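Trainee: As a plain string of letters, each chain reads:
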Amino acid sequence: MIDALVSLGNGFGVALTPTNLLFIFIGVCLGQIIGALPGLGPSAGMALLLPITFGLPAATAIMMLAGIMYGGMYGGTLTSVLVNVPGEAASVMTAVDGHKLAKQGRAGAALSVSAIGSFIAGVGAVMLLVFVTPPLAEFALRFSSPEYFLLAVLGITATASIGAGSPVKAILTAIFGLMIALVGTDPILGSERLTFGMTELLDGIDFLPVAIGIFGIAEVLSSLERSYDSEPIRTRLRDMWLSAKDWTACRFSILRGGILGFVIGLMPGAGPTVAAILAYVTEKRFSPHPEKFGEGALDGVAAAESANNSAAHGALIPMLALGIPGSASTAVLLAALVLQGIRPGPGLMVEQADLVWGLIASMFIGNVILLVLNLPLAPVFGALLRVPYEYLAPGILVISLIGTFATTLSLFSVGLTLFFGMIGYLMMKADLPRAPVVLAVVLAQLMETSLRQSLMLSEGNLWIFVQRPISIILLLLVIGSLAVPMLGLLTRRRMERLRRSEAKISIATK
Amino acid sequence: MNMTGKVKSSLTRRLMLFSLSSVSALLMLGAGEGYAQGKAPQGPIEITSGTSPGGTPDVLMRRVAKILNEEKIITNPIVVQNRTGGSWMVAANWVLNKKGDENTVLTIAQPILTTPITTGQPTVYDKLTPISMFIQGDLLIAVQPNSPAKTFKEFVDLAKQRERSIKVAGAQAGSTDHMVTGLVEKASGAKLNYVPFDGGGAAATAFLGGNVDMIVLPPSEALPHVKNNKIKLLAILSESRRTEPEFKDVPTAKEQGFDIVWGQSWGLAGPPGMDPELVKFWDNAIQKLAATDAWKATVKEMFLRSQVVNASQAKEHMAQLHDQHLALLRDLGLAK
Amino acid sequence: MKAADILSACVMLFLAVVVLISTRHLPYWADFAPGSAFSPFWVAAASILVSCVLVVGALRRQSHPPIDWPDRQGLRRVLLTAGGLWAIVVLAPVLGLVATAVLFMLFLLLVVLRRNLWPSLLTTAVTAALIYGVFSAWLGIAFPTGLLGI
Numbered sequence: 001m002i003d004a005l006v007s008l009g010n011g012f013g014v015a016l017t018p019t020n021l022l023f024i025f026i027g028v029c030l031g032q033i034i035g036a037l038p039g040l041g042p043s044a045g046m047a048l049l050l051p052i053t054f055g056l057p058a059a060t061a062i063m064m065l066a067g068i069m070y071g072g073m074y075g076g077t078l079t080s081v082l083v084n085v086p087g088e089a090a091s092v093m094t095a096v097d098g099h100k101l102a103k104q105g106r107a108g109a110a111l112s113v114s115a116i117g118s119f120i121a122g123v124g125a126v127m128l129l130v131f132v133t134p135p136l137a138e139f140a141l142r143f144s145s146p147e148y149f150l151l152a153v154l155g156i157t158a159t160a161s162i163g164a165g166s167p168v169k170a171i172l173t174a175i176f177g178l179m180i181a182l183v184g185t186d187p188i189l190g191s192e193r194l195t196f197g198m199t200e201l202l203d204g205i206d207f208l209p210v211a212i213g214i215f216g217i218a219e220v221l222s223s224l225e226r227s228y229d230s231e232p233i234r235t236r237l238r239d240m241w242l243s244a245k246d247w248t249a250c251r252f253s254i255l256r257g258g259i260l261g262f263v264i265g266l267m268p269g270a271g272p273t274v275a276a277i278l279a280y281v282t283e284k285r286f287s288p289h290p291e292k293f294g295e296g297a298l299d300g301v302a303a304a305e306s307a308n309n310s311a312a313h314g315a316l317i318p319m320l321a322l323g324i325p326g327s328a329s330t331a332v333l334l335a336a337l338v339l340q341g342i343r344p345g346p347g348l349m350v351e352q353a354d355l356v357w358g359l360i361a362s363m364f365i366g367n368v369i370l371l372v373l374n375l376p377l378a379p380v381f382g383a384l385l386r387v388p389y390e391y392l393a394p395g396i397l398v399i400s401l402i403g404t405f406a407t408t409l410s411l412f413s414v415g416l417t418l419f420f421g422m423i424g425y426l427m428m429k430a431d432l433p434r435a436p437v438v439l440a441v442v443l444a445q446l447m448e449t450s451l452r453q454s455l456m457l458s459e460g461n462l463w464i465f466v467q468r469p470i471s472i473i474l475l476l477l478v479i480g481s482l483a484v485p486m487l488g489l490l491t492r493r494r495m496e497r498l499r500r501s502e503a504k505i506s507i508a509t510k
Numbered sequence: 511m512n513m514t515g516k517v518k519s520s521l522t523r524r525l526m527l528f529s530l531s532s533v534s535a536l537l538m539l540g541a542g543e544g545y546a547q548g549k550a551p552q553g554p555i556e557i558t559s560g561t562s563p564g565g566t567p568d569v570l571m572r573r574v575a576k577i578l579n580e581e582k583i584i585t586n587p588i589v590v591q592n593r594t595g596g597s598w599m600v601a602a603n604w605v606l607n608k609k610g611d612e613n614t615v616l617t618i619a620q621p622i623l624t625t626p627i628t629t630g631q632p633t634v635y636d637k638l639t640p641i642s643m644f645i646q647g648d649l650l651i652a653v654q655p656n657s658p659a660k661t662f663k664e665f666v667d668l669a670k671q672r673e674r675s676i677k678v679a680g681a682q683a684g685s686t687d688h689m690v691t692g693l694v695e696k697a698s699g700a701k702l703n704y705v706p707f708d709g710g711g712a713a714a715t716a717f718l719g720g721n722v723d724m725i726v727l728p729p730s731e732a733l734p735h736v737k738n739n740k741i742k743l744l745a746i747l748s749e750s751r752r753t754e755p756e757f758k759d760v761p762t763a764k765e766q767g768f769d770i771v772w773g774q775s776w777g778l779a780g781p782p783g784m785d786p787e788l789v790k791f792w793d794n795a796i797q798k799l800a801a802t803d804a805w806k807a808t809v810k811e812m813f814l815r816s817q818v819v820n821a822s823q824a825k826e827h828m829a830q831l832h833d834q835h836l837a838l839l840r841d842l843g844l845a846k
Numbered sequence: 847m848k849a850a851d852i853l854s855a856c857v858m859l860f861l862a863v864v865v866l867i868s869t870r871h872l873p874y875w876a877d878f879a880p881g882s883a884f885s886p887f888w889v890a891a892a893s894i895l896v897s898c899v900l901v902v903g904a905l906r907r908q909s910h911p912p913i914d915w916p917d918r919q920g921l922r923r924v925l926l927t928a929g930g931l932w933a934i935v936v937l938a939p940v941l942g943l944v945a946t947a948v949l950f951m952l953f954l955l956l957v958v959l960r961r962n963l964w965p966s967l968l969t970t971a972v973t974a975a976l977i978y979g980v981f982s983a984w985l986g987i988a989f990p991t992g993l994l995g996i
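Chains as they are written, first to last, in our numbering: chain V, 1 to 510; chain E, 511 to 846; chain B, 847 to 996.
The set of hints was computed from the structure by calculation and includes no laboratory data.
Computed from a prediction, not measured in an experiment: that's the story for all the values here.
Just so you know, not all the hints are guaranteed correct.
Said to hold, decoys possible - Here are the simulated DMTMM-like cross-link-like pairs (lysine to aspartate or glutamate), alpha carbons at most 20 angstroms apart as the crow flies:
| id | chain 1 | residue 1 | chain 2 | residue 2 |
| --- | --- | --- | --- | --- |
| 1 | E | 677 | E | 708 |
| 2 | E | 696 | B | 877 |
| 3 | V | 429 | B | 917 |
| 4 | E | 663 | E | 765 |
| 5 | V | 103 | B | 877 |
| 6 | E | 670 | B | 914 |
| 7 | E | 701 | V | 459 |
| 8 | E | 677 | V | 351 |
| 9 | B | 848 | V | 138 |
| 10 | E | 846 | V | 351 |
| 11 | E | 576 | E | 803 |
| 12 | E | 670 | V | 459 |
| 13 | E | 740 | V | 200 |
| 14 | E | 696 | E | 785 |
| 15 | E | 677 | B | 877 |
| 16 | V | 429 | B | 877 |
| 17 | E | 737 | V | 203 |
| 18 | E | 742 | V | 138 |
| 19 | E | 740 | V | 351 |
| 20 | E | 737 | V | 431 |
| 21 | E | 846 | V | 295 |
| 22 | E | 701 | B | 877 |
| 23 | E | 637 | E | 785 |
As the list claims (entries may be wrong) - Quick look at which bits of chain E chain V covers, simulated, 3 or more residues with Cβ under 8 angstroms:
| id | segment |
| --- | --- |
| 24 | 747-758 |
| 25 | 785-798 |
Said to hold, decoys possible - If you want the footprint, here are the derived chain E segments under chain V, 3+ residues with CB under 8 angstroms:
| id | segment |
| --- | --- |
| 26 | 596-607 |
| 27 | 689-696 |
| 28 | 718-727 |
| 29 | 776-782 |
Glycine residues also receive a C-beta, built at the ideal position from the N, C-alpha and C atoms.
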């Protein structure tokens, strides 16, 4: 404990030099921008900027790159809330509820609560990183295929409850998402599925073109239907800030989202996107007003945004303690270390104490910078919506497409995004919920491969799901999450029947 | 020096006006180098890579680009572009479609050979203009530290006791790990249980969590876990042992009586119909690169080998590699 | 909504059939674990089941709010925008991606949305500057450049 504090003190010594401070600042600002631009996410941005860090000392380079990683989590919120295009994958749930809030004139509140939530979750996660990294890393290793399978099932079972419309339609669109996820090379046996001979589809359909198309492009298309002298979204300054009431409603959401996100971030193989989705669906269960989810629930946004930031930080634990990348972004951080001639691995925290503790200290500083940047600016960004939408729409479309192009450098991705944009538009017309599609795309592959891996590991024995302590807990959660709504439905029906029969009796006695 | 050189590439096109207007500048640019007689590309050069940024071939090529520029072996700015998708086939097709282009080269990695085999597409390697294969990586067979097997022989005996009782974690079907597992099965007669994960990182996690018994690792990834006593190395799959103190005690599989020699290799190839003069330009550049201290340091640091197979032999070498991969993937039932 | 529901169900039924047919040659089970065709089979089966439930529900429901189609003007804007978007993909290899994107923006602002000239030019310039500054200059992304070389 004391050791950790002393090391952290040294870390601050490293991080607080003027050069390092400058690069932390540059890193988080870059992250904010890259996160906000649709298409390119923090991991791709970090990788593209990797060559810039060649000339820098290792600690400085890593601090800057890590800044891009968590800065991206703050930045992604912006585009999701303001224009309904997920700026990066992990803010996809924010695109659902955050944008609805913006339409209600509450963009500022959504942005503020995301910034505060991300800050609290981020700093909390770094605290845990300071004190309990080695045991947490060991804990992370206890997650394997069976746990991932149950985790994905837990997420998928929640699809029916997402969105306000009929559960049948939600399930149907989730199945559509599952079909999208089937496309590509089967990772276990290597056989091609549903690629129709297209080379570009061999690696499957990435989540980003689907999310940007189905949310962003579709939303812009449908907004162009309205008369072109449409009024900008009216925002009163009072609504731009987070009210005390909002804060009371959201503080526990931030806490729950932050903790859940951290745990999921720990697991190599899940990542911030899964964390945000699971935090959102969990929050819906806890929320006093679940019907608002999908229609602009501030607590849903708070939970999802806190979760993705704490997951981004949590993923550093297996990376620092074991040399295992827990997410795409930490994989790039690892590559950066290797390029600097530093070998990541279990010895890293001792051999490179200055670097590791400097990095940890830099994350405290970086999160503070991001909060200071985002909180006062939230109403300013919110005011961006006062720009007539007709001028914003073309820019949104073009930047979304260019951003998707940048992820693969191929026009095929652009076409794919447009294709899903058209589908998203038709889905809006047919009153089909769109969120279950992206949710299924994220979770489907995790679910399928981990089920097959589990059974390969157990030589076909289903007991593997109950023999492991963590998986049995998850299994109980899955059963619970299925049973509770069913029981609720049954009791409601019985009550109704009872009431009806009582009514009949009363009629009969009359 | 061919001043009016075919300006076909879109990248050079941007610079065409500029370069024609400053002929003298270009002459100086050419004359300043040691290969004034030969032909050199004009303008920025793209090294096309098929992995997302951060993958091993990507990291290697970024290093190559950096050293080539820093040591002034090639003065044109070199950029590594990641054209991902289709298990490297998107990157390969990009270069295949740039027939005769002077400013694009393709990173050669194993999927360039294996993806056409496993998907039943026409071969790619023989349509490119081979330049050089100059990076080689060794592979190690590792087991859990508490495994009763102390040598590779004991491990094989253990695996033979019950079919498919030994679980192996590796990357996707058809990956290097999968092929090595196939080689082990073939050489030993034991049947293993190969469980594919989403890439090497996920496989290593499954191994460290104690979920599987065996894993195939390159030395650089194995080292930290050896130091921490998290894995036990049984064999290295190269012709000879490595010389570093960390690995000199790891015997080759061959020494232990199993004829398994397999490794990874990376290199560069040009688009179809690349000018022989340009191939020479690249060939020279790679030979110079291999002689630099910076490159030697990189190779040492990443526990690789760098034997330059130059342009005159690269074609034959790649054909040989292709046949080996084809034979192995056929045995594994993955060839189409 | 009745027609939309039935149509959505039909599309999903069709997709289910496509999934079933194109994966029928793959193994359903391999050794210990499900094979390549396991998930496609169950996803398709679920799709068929849920589509049927949706059709039955649509036929039994009494009230049917009509689909919210845009008016003629709105429809024209949506169709032109969608067409313009696809034109980007088609024209980018010829004209260059950034150039096509700029043309698309001007087309959308001036022709489709009938905005004023100067604000439209300004918006386009700002967007183009953002694209060049961030994507090209900074992240070093190579866009298709086309005949004009931009």
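Trainee: Please go over all the hints and tell whether each is borne out by the structure.
Mentor: So, going through the hints one by one against the coordinates:
no.	hint	result
1	677(E) / 708(E)	holds (16 angstroms)
2	696(E) / 877(B)	holds (19 angstroms)
3	429(V) / 917(B)	holds (13 angstroms)
4	663(E) / 765(E)	holds (11 angstroms)
5	103(V) / 877(B)	violated (53 angstroms)
6	670(E) / 914(B)	violated (67 angstroms)
7	701(E) / 459(V)	holds (13 angstroms)
8	677(E) / 351(V)	violated (33 angstroms)
9	848(B) / 138(V)	violated (54 angstroms)
10	846(E) / 351(V)	violated (48 angstroms)
11	576(E) / 803(E)	holds (13 angstroms)
12	670(E) / 459(V)	holds (16 angstroms)
13	740(E) / 200(V)	violated (39 angstroms)
14	696(E) / 785(E)	violated (42 angstroms)
15	677(E) / 877(B)	holds (14 angstroms)
16	429(V) / 877(B)	violated (45 angstroms)
17	737(E) / 203(V)	violated (36 angstroms)
18	742(E) / 138(V)	holds (19 angstroms)
19	740(E) / 351(V)	holds (18 angstroms)
20	737(E) / 431(V)	violated (58 angstroms)
21	846(E) / 295(V)	violated (50 angstroms)
22	701(E) / 877(B)	holds (13 angstroms)
23	637(E) / 785(E)	holds (14 angstroms)
24	747-758	violated (count 0)
25	785-798	violated (count 0)
26	596-607	holds (count 5)
27	689-696	violated (count 0)
28	718-727	holds (count 5)
29	776-782	violated (count 0)
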